[in-house]
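What follows is each chain in one-letter form.
There are 2 protein chains.
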Amino acid sequence: MLSKKTKYGLKALTFIARSEDDMPVQVGKIAKSEQIPQKFLEGILLTLRKAGILGSKKGKHGGYYLRSEPSEIKMTDVMRVLEGPIAMVPCVSLNYYEKCDDCPDETLCSVHRLMVEVRDSTLNVFRNTTLADLSSVD
Amino acid sequence: MLSKKTKYGLKALTFIARSEDDMPVQVGKIAKSEQIPQKFLEGILLTLRKAGILGSKKGKHGGYYLRSEPSEIKMTDVMRVLEGPIAMVPCVSLNYYEKCDDCPDETLCSVHRLMVEVRDSTLNVFRNTTLADLSSVD
DNA sequence: TATTAATCCTATCAATTTAGTAGGGATTAC
DNA sequence: GTAATCCCTACTAAATTGATAGGATTAATA
Numbered sequence: 001m002l003s004k005k006t007k008y009g010l011k012a013l014t015f016i017a018r019s020e021d022d023m024p025v026q027v028g029k030i031a032k033s034e035q036i037p038q039k040f041l042e043g044i045l046l047t048l049r050k051a052g053i054l055g056s057k058k059g060k061h062g063g064y065y066l067r068s069e070p071s072e073i074k075m076t077d078v079m080r081v082l083e084g085p086i087a088m089v090p091c092v093s094l095n096y097y098e099k100c101d102d103c104p105d106e107t108l109c110s111v112h113r114l115m116v117e118v119r120d121s122t123l124n125v126f127r128n129t130t131l132a133d134l135s136s137v138d
Numbered sequence: 001m002l003s004k005k006t007k008y009g010l011k012a013l014t015f016i017a018r019s020e021d022d023m024p025v026q027v028g029k030i031a032k033s034e035q036i037p038q039k040f041l042e043g044i045l046l047t048l049r050k051a052g053i054l055g056s057k058k059g060k061h062g063g064y065y066l067r068s069e070p071s072e073i074k075m076t077d078v079m080r081v082l083e084g085p086i087a088m089v090p091c092v093s094l095n096y097y098e099k100c101d102d103c104p105d106e107t108l109c110s111v112h113r114l115m116v117e118v119r120d121s122t123l124n125v126f127r128n129t130t131l132a133d134l135s136s137v138d
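Chains as they are written, first to last, in this note's numbering: chain R, 1 to 138; chain G, 1 to 138.
None of these hints come from the bench; they were simulated from the model.
Among the hints, erroneous ones may be present.
From the derived model, a few chain G residues whose C-beta atoms are all more than 10 angstroms from chain R [claimed, not checked]:
{"#": "1", "residue": "26"}
{"#": "2", "residue": "40"}
{"#": "3", "residue": "42"}
{"#": "4", "residue": "49"}
{"#": "5", "residue": "51"}
{"#": "6", "residue": "59"}
{"#": "7", "residue": "77"}
{"#": "8", "residue": "88"}
{"#": "9", "residue": "97"}
{"#": "10", "residue": "99"}
{"#": "11", "residue": "121"}
Simulated pairs of lysine-lysine, DSSO-like, Cα-Cα distance not exceeding 30 angstroms [stated by the list, open to error]:
{"#": "12", "chain 1": "G", "residue 1": "50", "chain 2": "R", "residue 2": "32"}
{"#": "13", "chain 1": "G", "residue 1": "32", "chain 2": "R", "residue 2": "99"}
{"#": "14", "chain 1": "R", "residue 1": "29", "chain 2": "G", "residue 2": "99"}
{"#": "15", "chain 1": "G", "residue 1": "39", "chain 2": "G", "residue 2": "4"}
{"#": "16", "chain 1": "G", "residue 1": "39", "chain 2": "R", "residue 2": "99"}
{"#": "17", "chain 1": "G", "residue 1": "50", "chain 2": "G", "residue 2": "4"}
{"#": "18", "chain 1": "R", "residue 1": "99", "chain 2": "G", "residue 2": "60"}
{"#": "19", "chain 1": "R", "residue 1": "57", "chain 2": "R", "residue 2": "32"}
{"#": "20", "chain 1": "G", "residue 1": "99", "chain 2": "G", "residue 2": "32"}
{"#": "21", "chain 1": "G", "residue 1": "60", "chain 2": "R", "residue 2": "4"}
{"#": "22", "chain 1": "G", "residue 1": "5", "chain 2": "R", "residue 2": "39"}
{"#": "23", "chain 1": "R", "residue 1": "5", "chain 2": "R", "residue 2": "57"}
{"#": "24", "chain 1": "G", "residue 1": "39", "chain 2": "G", "residue 2": "74"}
{"#": "25", "chain 1": "G", "residue 1": "58", "chain 2": "R", "residue 2": "99"}
In silico negatives: residues of chain R with every beta carbon more than 10 angstroms from chain G [to be verified]:
{"#": "26", "residue": "28"}
{"#": "27", "residue": "43"}
{"#": "28", "residue": "46"}
{"#": "29", "residue": "47"}
{"#": "30", "residue": "51"}
{"#": "31", "residue": "60"}
{"#": "32", "residue": "75"}
Built from N, CA and C at the ideal position, the CB exists for glycine as well.
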């Protein structure tokens with residue numbers, strides 16, 4: 001299951017991308033419009049800022065803004081920040097590889113085989129999708 | 001993350017598929033060979049039997065066997081039984097569709113868009129992979 | 001028929017994760 | 001200086017996961 005954190009995060013990014021002018025967008029506005037608990041959303045946007053995807057401005061008239069063009073923000077990055085590793089098992093993770101304790105030979109492991117395929121196909125989607133795709137109004 | 005249940009289930013199915021003769025295979029044998037807690041595995045195989053993927057024979061010399069040829073056992077079915085719906089959100093699930101409470105228009109929802117793509121690509125893998133693929137020794 | 005070896009079934013449990021709440025500190029525009 | 005806003009930490013309830021425990025049922029065989 002996709003976590004609420006990721007779901008909310010994606011919706012928030014989309015909301016920001018869709019707000020045309022480049023004024024920072026306030027958490028409160030996003031929370032209200034997208035029906036997300038504000039305090040929860042605060043934490044999520046903070047994570048996205050620390051990961052370099054969002055920038056922020058404090059104080060009155062502050063808020064969050066995109067650090068790059070929507071078309072430059074890849075889902076691989078967003079998903080890794082929000083949801084964690086894309087692979088379903090550490091032994092097929094590109095960025096967080098870990099050998100299984102059991103499993104003497106990965107080439108013979110059926111789980112490994114299947115999960116490599118799933119990882120590659122999911123990765124293919126995320127690599128070819130940007131925030132611009134998510135937020136277009138087609 | 002892939003659950004242990006699914007991981008163990010896949011390994012067990014592979015083990016059974018690889019045991020050439022068509023004698024039933026005992027839980028204890030699988031558990032020992034694959035390093036899976038036996039009692040835990042019992043429950044998993046029971047689930048697979050109730051789903052019609054495995055058959056069982058009770059009593060002495062009993063055990064579990066495949067109900068179909070490995071090449072006929074699709075990962076779509078196995079994964080749905082072990083891991084649940086393939087879609088990451090109910091609003092894109094083919095078999096367990098549920099509308100989101102929020103989200104007035106799915107066609108405009110960025111999460112929906114992205115998750116449809118992920119579902120389709122994952123489904124594509126599972127539809128084209130059978131237990132025979134997992135258990136071959138190539 | 002008694003024994004043994006299996007599956008089958010239910011209940012329980014500890015650890016972890018998730019989703020959210022609470023309270024306030026720090027910063028900036030006006 | 002005050003209001004609005006992001007920033008940070010700590011806490012909590014509920015659900016899920018990954019088991020474990022104990023035994024009931026069934027079947028082969030000596």
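Status of each hint after checking the structure:
Listed as outside the interface, residue 26 of chain G is consistent with that label: its C-beta sits roughly 19 angstroms from the nearest C-beta of chain R, beyond the 10 angstroms cut-off. The non-interface label for residue 40 of chain G is consistent with chain R: the shortest C-beta to C-beta separation is roughly 14 angstroms, beyond 10 angstroms. Annotated as non-interface, residue 42 of chain G keeps its C-beta farther than 10 angstroms from every C-beta of chain R; the closest such distance is 18 angstroms. For residue 49 of chain G, the condition that its CB be more than 10 angstroms from all CB atoms of chain R holds, with the nearest at approximately 19 angstroms.
With a least beta-carbon separation of about 18 angstroms from chain R, residue 51 of chain G lies farther than 10 angstroms from that chain, consistent with its non-interface assignment. Listed as a non-interface residue, residue 59 of chain G keeps its Cβ farther than 10 angstroms from every Cβ of chain R; the least gap is roughly 29 angstroms. For residue 77 of chain G, the condition that its CB be more than 10 angstroms from all CB atoms of chain R holds, with the nearest at approximately 13 angstroms. Residue placement check: residue 88 of chain G does not keep its beta carbon more than 10 angstroms from all beta carbons of chain R (closest about 4 angstroms).
Against chain R, the non-interface label of residue 97 of chain G holds: every CB pair exceeds 10 angstroms, the least being about 15 angstroms. Residue-level check passed: residue 99 of chain G sits 14 angstroms from the nearest beta carbon of chain R, beyond 10 angstroms. Consistency note on residue 121 of chain G: stated as away from chain R, yet its beta-carbon is not over 10 angstroms from all of that chain's, at 4 angstroms minimum. Restraint check for residue 50 of chain G and residue 32 of chain R: not satisfied, since their Cα atoms lie roughly 46 angstroms apart, outside the 30 angstroms limit.
Among the hinted pairs, residue 32 of chain G with residue 99 of chain R is consistent with the structure: their alpha-carbon atoms are about 20 angstroms apart, no more than 30 angstroms. A hinted pair counts as satisfied when its Cα atoms are at most 30 angstroms apart, and residue 29 of chain R with residue 99 of chain G qualifies at roughly 24 angstroms. Distance check on the hinted pair: residue 39 of chain G and residue 4 of chain G sit about 13 angstroms apart at the alpha-carbon level, within 30 angstroms; holds. For the proposed pair residue 39 of chain G and residue 99 of chain R, the alpha carbon gap of about 25 angstroms is at most 30 angstroms, so the pair holds.
For the proposed pair residue 50 of chain G and residue 4 of chain G, the alpha carbon gap of about 19 angstroms is at most 30 angstroms, so the pair holds. As the CA atoms of residue 99 of chain R and residue 60 of chain G are separated by approximately 37 angstroms, the hinted pair breaks the 30 angstroms bound. Between residue 57 of chain R and residue 32 of chain R the alpha-carbon distance is near 20 angstroms, which keeps this suggested pair within the 30 angstroms criterion. Under the criterion of a C-alpha separation no larger than 30 angstroms, the hint pairing residue 99 of chain G with residue 32 of chain G is inconsistent with the structure, at around 44 angstroms.
Note on residue 60 of chain G and residue 4 of chain R: the hinted pairing is violated, with a Cα-Cα distance of about 49 angstroms set against a maximum of 30 angstroms. Under the criterion of a C-alpha separation no larger than 30 angstroms, the hint pairing residue 5 of chain G with residue 39 of chain R is inconsistent with the structure, at around 34 angstroms. Between residue 5 of chain R and residue 57 of chain R the CA atoms are separated by roughly 22 angstroms; this keeps the pair inside 30 angstroms, and the hint holds. Simply put, residue 39 of chain G and residue 74 of chain G have alpha-carbon atoms about 26 angstroms apart, close enough for the 30 angstroms limit, and the pair holds.
This hinted pair does not check out: residue 58 of chain G and residue 99 of chain R have alpha carbons roughly 37 angstroms apart, beyond 30 angstroms. At the 10 angstroms boundary, the C-beta of residue 28 of chain R stays outside the reach of chain G, the nearest C-beta of that chain being 17 angstroms off. For residue 43 of chain R, the condition that its CB be more than 10 angstroms from all CB atoms of chain G holds, with the nearest at approximately 18 angstroms. Against the 10 angstroms criterion, residue 46 of chain R stays outside the reach of chain G, whose nearest CB is about 20 angstroms from its own CB.
Residue placement check: residue 47 of chain R keeps its beta carbon more than 10 angstroms from all beta carbons of chain G (closest about 17 angstroms). Separation of residue 51 of chain R from chain G is adequate, the least Cβ-Cβ distance of about 18 angstroms exceeding the 10 angstroms criterion. Consistency note on residue 60 of chain R: stated as away from chain G, and its beta-carbon is indeed over 10 angstroms from all of that chain's, at 29 angstroms minimum. A beta-carbon of chain G is positioned within 10 angstroms of the beta-carbon of residue 75 of chain R; the least distance is around 7 angstroms.
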